[in-house]
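Student: Residue numbers (the numbering used here), protein chains in the order written: chain A, 1 to 79; chain B, 1 to 143.
There's no promise every hint is true.
To be verified - Restricting the straight-line Cα-Cα distance to at most 25 Å, the calculated cross-link-like pairs of lysine-lysine (DSS-like) are:
(1) K21/B x K10/A
(2) K56/A x K21/B
(3) K67/B x K21/B
(4) K74/B x K21/B
(5) K40/B x K56/A
(6) K56/A x K4/A
(7) K121/B x K56/A
(8) K4/A x K113/B
(9) K113/B x K67/B
(10) K4/A x K121/B
(11) K67/B x K56/A
(12) K113/B x K40/B
(13) K121/B x K40/B
(14) K10/A x K56/A
(15) K10/A x K74/B
(16) K113/B x K74/B
What the hints assert, rightly or not - Simulated restraints, written as ranges between beta carbons of each label pair:
(17) S36/B x V43/A: 21 to 31 Å
(18) D60/A x R106/B: 23 to 33 Å
(19) G127/B x P44/A: 18 to 28 Å
(20) D18/B x E11/A: 42 to 52 Å
(21) V66/A x H37/B: 39 to 49 Å
(22) S129/B x V43/A: 35 to 45 Å
(23) G23/B x S41/A: 51 to 61 Å
(24) I12/A x Q86/B: 21 to 31 Å
These aren't lab readings, by the way, just hints derived from the structure by calculation. Just so you know, even glycine gets a beta-carbon here, dropped at the ideal spot from N, CA and C.
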Amino acid sequence: MTIKLFAVLKEIAGQGEIHLEVPSVISCGEVVSRLHEEIPSLVPFLEHCLVAVNGKYADDGASVSVEDEVAILPPVSGG
Amino acid sequence: MHLVATPIRISDLLAGDDEFKTGADVLFLGIVRGDSHTRKVLYLEYEAYEEMAEQILSELVSLSYEKWPLEEVKIFHRLGRVWLGQIAVAVEVKSAHRGEAYEASRYLIEEIKHRVPIWKKEYFTDGTSEWSLCSHVDVSESA
Numbered sequence: 001m002t003i004k005l006f007a008v009l010k011e012i013a014g015q016g017e018i019h020l021e022v023p024s025v026i027s028c029g030e031v032v033s034r035l036h037e038e039i040p041s042l043v044p045f046l047e048h049c050l051v052a053v054n055g056k057y058a059d060d061g062a063s064v065s066v067e068d069e070v071a072i073l074p075p076v077s078g079g
Numbered sequence: 001m002h003l004v005a006t007p008i009r010i011s012d013l014l015a016g017d018d019e020f021k022t023g024a025d026v027l028f029l030g031i032v033r034g035d036s037h038t039r040k041v042l043y044l045e046y047e048a049y050e051e052m053a054e055q056i057l058s059e060l061v062s063l064s065y066e067k068w069p070l071e072e073v074k075i076f077h078r079l080g081r082v083w084l085g086q087i088a089v090a091v092e093v094k095s096a097h098r099g100e101a102y103e104a105s106r107y108l109i110e111e112i113k114h115r116v117p118i119w120k121k122e123y124f125t126d127g128t129s130e131w132s133l134c135s136h137v138d139v140s141e142s143a
């Protein structure tokens, strides 16, 4: 599964996308937990982030599959 | 397209209404300020999840037409580096009367600040920089 990272997350990870090996179906919360393991330096920031699936905000319990576009979004600061 | 990588100009806004249905034209401009709390800002850099941001901005425009009788709505938001005094965001709302234009304008800028996946990094005159962590969207209300 490819996970998009933005802003502070992208900067810390050093990349805008990360590939994770995950089960064929997984919850958004589990995706975030996998990211914790993969990039521990993101942990302090991830608790403030939201997950988007195919361009829509999704809650932790929402299921995602490897075909979905999953993005982790820090608190927004536009305007 | 609402997200733009080049300066937002007033000439992109405030166009005339050939049918003369517009009685009120409310223009909100968000401008880059020189201070952030106690620190001096040199410039900002904006980044977006562009596909999602464009989608939400289009939905917000559609929603505003549903909520108020508006003639025209325009939203532009900058990406990339924006210097002090430059326009970071522009929201223009035209309607027959001022009430709905003011309400829609306020609604749109608040929604932009809270829901649209755009991020601002502040670069300060002392050489430091910092991602601005401002707002949280409520997922339960974002559907």
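Student: For every hint, state whether the structure bears it out.
Tutor: Status of the hints after comparison with the structure:
1. The straight-line distance between the Cα atoms of K21/B and K10/A is roughly 46 Å, outside the 25 Å bound, and the hint therefore fails.
2. At most 25 Å may separate the alpha-carbon atoms for a hinted pair to count; K56/A and K21/B exceed this at roughly 36 Å.
3. Taking the CA atoms of K67/B and K21/B, the gap is about 18 Å. The hint holds against a cut of 25 Å.
4. The straight-line distance between the Cα atoms of K74/B and K21/B is roughly 16 Å, inside the 25 Å bound, and the hint therefore holds.
5. For the given pair, K40/B sits about 35 Å from K56/A by alpha-carbon distance, which is inconsistent with the 25 Å threshold.
6. Taking the CA atoms of K56/A and K4/A, the gap is near 13 Å; set against the 25 Å cutoff, the hint holds.
7. For the suggested pair K121/B and K56/A, the alpha carbons sit about 23 Å apart, so the restraint of at most 25 Å is met.
8. Between K4/A and K113/B the alpha-carbon distance is near 21 Å, which keeps this suggested pair within the 25 Å criterion.
9. With a CA separation close to 19 Å, the supplied pair K113/B and K67/B stays within the 25 Å bound.
10. This hinted pair checks out: K4/A and K121/B have alpha carbons roughly 18 Å apart, not beyond 25 Å.
11. Restraint check for K67/B and K56/A: the C-alpha separation of about 22 Å stays at or below 25 Å, so the hint holds.
12. Taken as a hint, the K113/B and K40/B pair is honoured in the structure, with Cα atoms around 22 Å apart against an allowance of 25 Å.
13. Taken as a hint, the K121/B and K40/B pair is honoured in the structure, with Cα atoms around 13 Å apart against an allowance of 25 Å.
14. Restraint check: the Cα-Cα separation between K10/A and K56/A comes to about 19 Å, which is no more than 25 Å; the hinted pair holds.
15. As the CA atoms of K10/A and K74/B are separated by approximately 30 Å, the hinted pair breaks the 25 Å bound.
16. With a C-alpha separation of about 16 Å, the suggested pairing of K113/B with K74/B holds against the 25 Å cut-off.
17. Between S36/B and V43/A, the C-beta spacing of about 26 Å keeps the proposed range 21 to 31 Å intact.
18. D60/A and R106/B have their C-beta atoms about 32 Å apart, which keeps the hinted 23 to 33 Å range intact.
19. Distance hint check: the CB atoms of G127/B and P44/A are about 24 Å apart, consistent with the given range 18 to 28 Å.
20. The hint said 42 to 52 Å for the Cβ distance between D18/B and E11/A, and at roughly 47 Å that hint holds.
21. A beta carbon spacing of about 43 Å between V66/A and H37/B agrees with the range 39 to 49 Å that was offered as a hint.
22. A hinted range of 35 to 45 Å is violated for the C-beta pair S129/B and V43/A, which are about 22 Å apart.
23. The hinted window of 51 to 61 Å between G23/B and S41/A holds, with their beta carbons roughly 55 Å apart.
24. In this structure, I12/A and Q86/B meet the distance hint of 21 to 31 Å, their C-beta atoms being roughly 28 Å apart.
When held up to the earlier numbered hints, the structure conflicts with 1, 2, 5, 15, 22 and fits the remainder.
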